[in-house]
Every structure is written in structure tokens, then in C-alpha cells.
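Participant: Given next are the chains, with one letter for each unit.
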Amino acid sequence: MEKKVAETMKQPIERRGFLKGLLTTIGGAAGAATAAGAVAKEVLPESNFSWEKFFQEHYKQMNSEDKERVFARIKEETKARTARDIEIKDPQPMDGVKFGYALNLSKCNGSRMCVTACVKENNQSRDPQIQYIKVIEMDIGTLNPEKGDMYYEGESVPKPGKFYLPVQCHQCNNPPCTKVCPVEATWKEQDGIVVIDYDWCIGCRYCMAACPYEARRFNFAEPSLPAEEMNPIQGYLSNRVRPKGVVEKCHFCLHRTREGKNPACLEACPTGSRKFGNLLDPNSEVSMILKTKRVFVLKEELNTVPSFFYYFD
Amino acid sequence: MFNCALTGPPLFYIWNGFLTFLFVLGLYAYSFQFQHGLVVTNLSDQVSWGAYIANFTFLVGVAAAAVLLVFPTYVLHREEVKDVVLLGELLAFSAITMCLLFITVDLGRPDRFTHILPFLGRLNFPRSVLAWDVVVLNGYLLLNLHVPGYLLYKTYKGEKPNKWLYLPFVFISIFWAVSIHTVTAFLYSGLGGRPYWNTAILAPRFLVSAFAGGPALLILVFLLINKFSKLQVSSAVQSMLEKIAMVFLPINMFLLGAEVYKEFYTDSVHTESMKYLFFGSHGHAMLAPYIWSSIAMSVFSMIIFFSPLKKNKVFLILACIMAILGIWIEKGMGLIIPGFIPTPMGDMVEYIPSVTEFFICLGIWAFGALLFTVLAKVAIAIQIGELREKT
Numbered sequence: 004m005e006k007k008v009a010e011t012m013k014q015p016i017e018r019r020g021f022l023k024g025l026l027t028t029i030g031g032a033a034g035a036a037t038a039a040g041a042v043a044k045e046v047l048p049e050s051n052f053s054w055e056k057f058f059q060e061h062y063k064q065m066n067s068e069d070k071e072r073v074f075a076r077i078k079e080e081t082k083a084r085t086a087r088d089i090e091i092k093d094p095q096p097m098d099g100v101k102f103g104y105a106l107n108l109s110k111c112n113g114s115r116m117c118v119t120a121c122v123k124e125n126n127q128s129r130d131p132q133i134q135y136i137k138v139i140e141m142d143i144g145t146l147n148p149e150k151g152d153m154y155y156e157g158e159s160v161p162k163p164g165k166f167y168l169p170v171q172c173h174q175c176n177n178p179p180c181t182k183v184c185p186v187e188a189t190w191k192e193q194d195g196i197v198v199i200d201y202d203w204c205i206g207c208r209y210c211m212a213a214c215p216y217e218a219r220r221f222n223f224a225e226p227s228l229p230a231e232e233m234n235p236i237q238g239y240l241s242n243r244v245r246p247k248g249v250v251e252k253c254h255f256c257l258h259r260t261r262e263g264k265n266p267a268c269l270e271a272c273p274t275g276s277r278k279f280g281n282l283l284d285p286n287s288e289v290s291m292i293l294k295t296k297r298v299f300v301l302k303e304e305l306n307t308v309p310s311f312f313y314y315f316d
Numbered sequence: 007m008f009n010c011a012l013t014g015p016p017l018f019y020i021w022n023g024f025l026t027f028l029f030v031l032g033l034y035a036y037s038f039q040f041q042h043g044l045v046v047t048n049l050s051d052q053v054s055w056g057a058y059i060a061n062f063t064f065l066v067g068v069a070a071a072a073v074l075l076v077f078p079t080y081v082l083h084r085e086e087v088k089d090v091v092l093l094g095e096l097l098a099f100s101a102i103t104m105c106l107l108f109i110t111v112d113l114g115r116p117d118r119f120t121h122i123l124p125f126l127g128r129l130n131f132p133r134s135v136l137a138w139d140v141v142v143l144n145g146y147l148l149l150n151l152h153v154p155g156y157l158l159y160k161t162y163k164g165e166k167p168n169k170w171l172y173l174p175f176v177f178i179s180i181f182w183a184v185s186i187h188t189v190t191a192f193l194y195s196g197l198g199g200r201p202y203w204n205t206a207i208l209a210p211r212f213l214v215s216a217f218a219g220g221p222a223l224l225i226l227v228f229l230l231i232n233k234f235s236k237l238q239v240s241s242a243v244q245s246m247l248e249k250i251a252m253v254f255l256p257i258n259m260f261l262l263g264a265e266v267y268k269e270f271y272t273d274s275v276h277t278e279s280m281k282y283l284f285f286g287s288h289g290h291a292m293l294a295p296y297i298w299s300s301i302a303m304s305v306f307s308m309i310i311f312f313s314p315l316k317k318n319k320v321f322l323i324l325a326c327i328m329a330i331l332g333i334w335i336e337k338g339m340g341l342i343i344p345g346f347i348p349t350p351m352g353d354m355v356e357y358i359p360s361v362t363e364f365f366i367c368l369g370i371w372a373f374g375a376l377l378f379t380v381l382a383k384v385a386i387a388i389q390i391g392e393l394r395e396k397t
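Chains W and V are the protein sequences, given in the same order.
Going by the working numbering, 167 is the number at position 164 of the first sequence; the sequence numbering is gapless.
Going by the working numbering, 229 is the number at position 223 of the second sequence; the sequence numbering is gapless.
Bound-form chain V, shown alone:
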């Protein structure tokens, strides 16, 4: 099995080597942060969360998107999705691993991580939403390790899986997927002192953006798998994902519009964050180009998804990339950062990630991609019958 995970055609080595290089670069950058503290980031007392938490938030959505494959497979019994559902679950596993890494690098005292473990430390459960997040994220990690792990193991052994040992967990994971993104949204929306986040539609917005960006990411992943592996994902899966994107991309824009309306028509002092985001405020306008390009990208990808252009592979890939990038910007720079600008006492301090932060983020993304590549390679080999226990 290790042989299968670590060997392959030259392109496999080049790809993995490239990712390992980026990961090591990230580790190197992190060693500095570990030594000097978060002073090597551009975070401040005013903007106390930045690139790490923004990426974390986005990736929780990626993990939640696995439910888009799990639900059709196990509840609607769509046979064609069954071939790829394990890959979706492994993608969720990789995404959650990255989430936990992003949380770890964000801690000022990573050496005290034991304090947050249930029973060992003093987990402030159920009062702190962050404690809930620790519980639901780790729970989801285990669910997405167990289900594909058990099914692949049984296939590897050439045995029939016992459905009582995985089906209950599948149904739990469907609810759980919704819960991880809801709890992550509640982290922000529960803070009365941050009016920009203190909105009831934050959790729905998070879920909708996950279901809008998720299909785009899955389409890209499956296109790559079709190209580079012997597993052929059926076109029915792709068209199902396209339909999901066509439903949720517009809803995502609608919910953003609802927020924009509420803020600007009310025009209270609390509108400052959104003013800053869209048009700049008090001479600071760093984020405005990002949010407008995010909207442009979402609209562009919607136009492709709704037109026959999507039959052209190049346009489809472009639409997927635009949808992912658009949502990544909206959830990161468009949601986390403006929550801190202006501060509750009216201070305007802008934030742009430092070189160190950039490389640490890149390193974590590379690690996630590496993890998924290796997991997917083994999973595909088992699924197409190349890898079996020798009897």
C-alpha cells in the first residue's frame, strides 16, 4: 500500500515534489513565527485575526461540501455518484486537516495546545463556541476517516462491508457537515461587539457559499482524476454538480445582496465596515478592488454555468476557478478582515498578510494537496481493483 501511495509516473513525483517543497518552505517560515511570535505576521491588536483564520473559514466550507456527494449516494441512492463519494470524503478529511493546521499556526502559544483538549485541558464547553468548533471539527475528521477508511479496507480485503458499521456514521456525517459550517459561522455572528458579523444570515450564507464553491472544486478535482488516473468519473456526476452550482451560486449572490441592502439602506454608524469593504472609508480602500473582483468573478462563473459555454471544457474550468476564487475572497478578505475595520472604538488599521504569513498559508495548502493526492491515489487503486490484499 505504501508502494502504491509513494510511487507513480514521473508527473506524480514532480507534483508531489513541488508540493513537498512548498510545505517545507511553509515549515521554515513557521519556525520563525514559532521563535519570534506572531510579530512576524501583520496582525495587530486592531486586526487580531487574518489570513490564517480566513483560510480556515473557507476550508471548513470545502469540508462541508463533501455532503453534496454523500447525500445523493446514500440518501437518494444515485449509483453513479457512488464511485466518487469516497474521494469526496477524503477531500473533506484533507480540508479538515488543513483547518486544524490553520488554527494551530494562529495560536500565540501552540505549545499549550493540550489546554484545549477535552478532559486533559479545560475545554470551556458548552459556553465557548470555539470549544464547540474543536469538538465538531475533530468529530467530522474522525467521521471522514472512518467511513472511507472502513469501506476501502473492506474492498482491499475483498470482503463485503457490514452496513451497520458505516451507514449510521454516514447519516451522522450528513448532519455533521451542516454543523461544522454553522458552528464556524456562529463563532463570528455571536459577537455583539462586531456589528458586521452580528447577523443571523451568516450561517446560511456560509452554507450556501460552501454549496456554491464546493461543486466547482469537486468538478475540478474530478476532471484531474479523469485525466491522470484510470478511474473515470461519469458525466452524470459532473452534470449533477453543475446543477448544484447553478442553484447555489445565485442564492449566494442574493444573500450577499440582502446584507448589502440592510447595511446601506439603514446607513447607521455600523455600516462603516461594509462601506470600507466596498468603497473605502477615511482614505483606506485596500479591500475594495478585492470585493469587486470577487463579485465580478462570481457573476462571470454564473454566466458560464447558465449558458451552453459550460460544455466547452476550457470555459467550464474557468468558471470553476472563478467560483472558487470569488468565494475564497468573499469569505476571507470580504468577511473576516472588515469585521475588524473599523475597530469597535473607531480605529482604522488595515491589514495585508506578511511574507511569512503567505508562506505559512501556502505550506498548509500544499500539505493538504499532498495529503489528498496520496489518499486519492491509494483509494482509486483500491476502487478500480489494482490494489488488493495478496492471498
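If we strip away everything but chain W, and leave its shape as in the complex, we get:
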């Protein structure tokens, strides 16, 4: 029902359909009011307003007691809604670690298994669908993503004459997105990961306008996620279930990677084209790739200085 109302409300304005649109809007509205109680329970809606939430501090202003209280509240609310116990983690950046990603374009076959794994791992909304990774099908001989196709379909990949360019947040060292945020709801952490405090974001979407890689997604509706599909291991700044009306993005699976694991997209990749590691460690795999391969970044001219590198071999 919620979805139907939303669809009615978003009909485009057309001259002839205008009055009709108005009538359906009012009709849909009346329908919504009556069906408000009948929302399916297996999805995860955000819980209702509370003063405690309203006055919640910015992540950086919280001390450890505040954090405990907030994490406990998130756990309780999730339990009440889904009858599932979750763990809220808050792993901190490690000294001497700066994360980097390297992607081998010669190997990537466009299977998009990374996309699926990411959605699962990070509790993205299934409807409306939110994905952090885009895979662009490109003609061999061009490196301009604007000339590619991100909606490619077909039985088998890779297709002849094509290569595949996965794009996700580049965790820039000079991120245009954090600079423009009017409330400092997004910032770059010491280990190079750009994070968002979902409870502080006001939803102005300026960061989305600023990002040259289209790496940020907005929760236009209440995210919906079947309770049994929810990943219970959650990070406060990473994959916990997001509220409606805020921006989210790839965070290099920081709840995994800060504990020494690999990101979910890397683990899911069937070709081994994804490599992840510490750029400050000269012996890490990513450091070796940067040293020995011909590596490039997207839109270098914008001086965003990504920590996400591409290479062919």
C-alpha cells in the first residue's frame, strides 16, 4: 500500500492529466490513511519519533557512555521490530593503516556478483533498491565512463569487444562531498574511509551533487529489508539499517576491514579482479600493484585523489 501511494504521488505533471492527477492524489491519500495500519511486518521500518533521538549528538561529540546508550537503543529498537538480536560495532581506524582498493579491468567479467554481495552485507534497502556499486559496460578502446552502458543485460558476460568498469565510492583524499556538507554529517576518517553519520544527515543531497563518481545514494523512501535477510553484524558508521531521508554510500565495509577482513565485494568476486589492503604497508598486495602495474584513477583532472585504483595487466 505504501508503495502504491508513493507511486500515485509521484505521477509527473502533464497538462492533460493534471486534473486527473489531482484527483488520484487525493484518492490515493484517502486510501493511505485507511491502510496505514496494514503495513507488512516483515520489513524494517524506522521506529517512531522520540525526543532522545531528536536530541542525539553528532557521532564525534559522543563520549563512550553516550555511544553505549545510542547503540543499546538501536539494538532494542531493532529487536522490537524484527525479533532479531543484532550487534552494533564501532571499530576505530588503526594507526599506520590507510586503505586502498585496486581493480583489475583485464579480469573483471561484469558478473555483478560484487553488487549483490554488497547489498546483502550492507543491509541496503531492497525496495526501493539501493546499490553502492555500478558496473559500466564499455567498448574496448575508450576510457570515458560517460560513453558506457550501466544497464547492460544479456545471458552471458563478458560480451565480445567489451570490458567492465565497476565504480563505487573512491574514498577520495580530497573529497568534494565532505567539503560541501553544511552540517559535517560526512567526513574522512584517518584510515581514508569517508563515512556518514546517518543520524546527523539532514538530507539536503548537496554531497550527491558534488560527487563526480555518483557514489552516493539517497533514501527517498523508508528502506525496506526483510528481517530474515538482515545482516546482524552492524557498524554504526557503516552497514546498520539507515533511516528514510538520508544519504548513504560505500564505506569499504569498515566493520569488516578494520578487523582485518576483506570487503564483501572482494570476497564475492569470481575472477579475483579486486584487491584491497593497506597503502602504507609497502608489502601489501595493493602497494605492490601500485608499484608494478600501470595504474590509473577516474577523472584525475578533478584532483579528488581517489584511493580506488584501476589497472590492466
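The hints are all genuine.
Here are some of the chain V residues that sit facing chain W, going by a computed Cβ distance under 8 Å:
{"#": "1", "residue": "H42"}
{"#": "2", "residue": "G43"}
{"#": "3", "residue": "G114"}
{"#": "4", "residue": "R115"}
{"#": "5", "residue": "R118"}
{"#": "6", "residue": "F119"}
{"#": "7", "residue": "I122"}
{"#": "8", "residue": "R128"}
{"#": "9", "residue": "V135"}
{"#": "10", "residue": "L136"}
{"#": "11", "residue": "A137"}
{"#": "12", "residue": "R200"}
{"#": "13", "residue": "T349"}
{"#": "14", "residue": "P350"}
{"#": "15", "residue": "M351"}
By construction, these hints were calculated from the structure, which means they are not laboratory data.
These numbers were taken from a predicted model, which means no experiment stands behind them.
Where a beta carbon is used, it is the ideal one built from N, C-alpha and C, also for glycine.
Got chain W; can you put chain V on it based on the hints?
Facilitator: For chain V alone, kept in the frame of chain W given last:
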């Protein structure tokens, strides 16, 4: 004073009733957006700003246009403008109020508005241009509340205003008017990832379009005031505004032409947005009719302004409406939307406001018109001496 603000001839009630109806309709539409989220709009991850931000941008220009009356009054000491300068400032006040409403309805989490307040929240000042915008818009709101408010209050009391209590603010507001539109332009032109906006003449273009459309709007407002109130705006004010329009309408077209030249002669991949705007691209051409009609309207209004036709009231009104509409389309559909199409990664997603967005926009416009009607009614009554403190 409340009596004066809320009572009047039957037409006053009909007009206010009509605006209130539209405003309530807008509130009703907004209640849905508040409940379901921005999913009731036709915005997307690709086109993440739309009708709300476009109207916001246009209205910042309307607010900045008040300087066209403030400057002649206080700097050039043009006596005939003095009668209407307060109305101009109140128009700016109403326009900024509408701007703030448009920003509010655009937020995904309006309940978190406290986060953007200085000291209370974490205003990212001076790094974020949006934070600057919050500061300059609210500053301009206060300036345009204080100056006409203080002068009207003193007139109401029958006292002489102390010029030290308003003149400094008048001069500040002249600079401030320029700053609000510059900062709003910088919101867009500062983004390297959006080549269509990333142009140094964006701020000049914004100001010039405000000074081109502003006089047209003021002429219309003054014609209405002449017709429906006892205040008679002198014809010298009107001819001054016509001259301003005659200067800035052509400059506005020239700057648009300069952008068109740069894009199409260069013919780089970044020309895609303008190609899409003017001729369509990859089978999408929704905006092309709008931009061409905008240009046609601007040219048409220019022809009237430059010819003796403008002495005919019907043609003058037509020219003003065309100038306003032309600039509204150019600043909205012609500037904000193509910035998102194609996206930085080459995605083509078109955008047309939803029914809900339309009614929310209409509601805000109606609220602004209502606010201005009531403010102007009281201001005029005080100015012509009908409303005085009883002694």
C-alpha cells in the same frame, strides 16, 4: 494594525481566500511528503535536486532585485523612488521567506533542521557554501525585516526615524543583496564534477538575470498597487525600472550566448548537458521546448521594452510576464536540471516534477504572495497616513 491587515474590500478577501486555499493544498501535499519521504517527488539519485531548488534559485534573484529600488533611493537620493522602496524591501522579505520554505521542503530530514543552525548544530562554516547560504539568506531576511519594519514603526508612531538606526543597515543590505545571489551561484559553480555549472560567469549571470527579471516583477507589482490601493506609484519609478530592464535583458541574453558559444564551439564531452538542453540527446529532449520558449519570451519582451509598444499597458504587462517567465524557465529548467543530465557517469535520467511537488511549490508561492499582500497592505496604509497610533 491587525484589523488593517485582515480586513478590506471583497476582492481582498477573495484574493486572500484563494491564496490560503492554495497554501492549504500545498500543506496537504507536504504532509504526504513528510510521511512517505521524498519518494513522492520525481527526484532520483541521478537528478537529486529539482523543482524546489529551481524555485529557490529563482526567488533568491527576486529578493536580490530589491536593491534596484534601495540603491536609487539611498545612494542616488531619487525622491520619487522613496515612496516604494519599503514595498521593494518587503517583497525581498517575502521572497526570502519563500526561499527558506523551499529549502525546508527539499530536506530529506526536516526534523533535523536544528543541525544547520549556527552554535546549536554543527554548521560547516566556512567550508560549505550551503552553510554560507544559510548565513547570508537569514542575514538578508533580518535586514529586510529591520529596515522597513523600523521605518514603518516610526511613521506609525508619527516620529522621525533616527537615521543611524537604519541607514547603516541599508548600505549593508546593498552589498548583501549582491552576496545572496553570488553565494547561491557559487553553490553550483563550485562543483568540479558538474561541468555544466562549473563556469565562472555563473554568478554574474545570476545577478544579471535578477536585474533583468526584477524590474519586470516590480513593474507588475506597482501596476497592481496603483489599481488596488490609494498609493500611486509615480510614473518616474516605472520608467526607471523599464530602463533597468532595457539594460539587463540584453546582457542576460549575451551571457547565455557566451555560454552557448563556449560549449558548442569547444564540443568536448562536457557539452552533453547543453546539447541535451537545446536539442536533446540520446533520444531524450524533454527540456528543449522549454529553453527555446524561454529564449523566445526573452526576445519578445526585449522587443516590447525597446519599442514604443511599451507605452501600451497591455503590451507592457505582457512584456513583464514574458521576461519573468523566460527567466524563471532559464534559471529553473534551463540551469538546475541539465546540471544533472547526463550524470557524471553518463546516465540519462529525465525529470519532471510530480503532482505532489507541483502542489507544494504552488503552496509556497501562494504563501509568499499572501505574506506580501498583507505586509504591503499595512505598509501602504501607514505610508499614506491612514494608519496611525491613536493618541
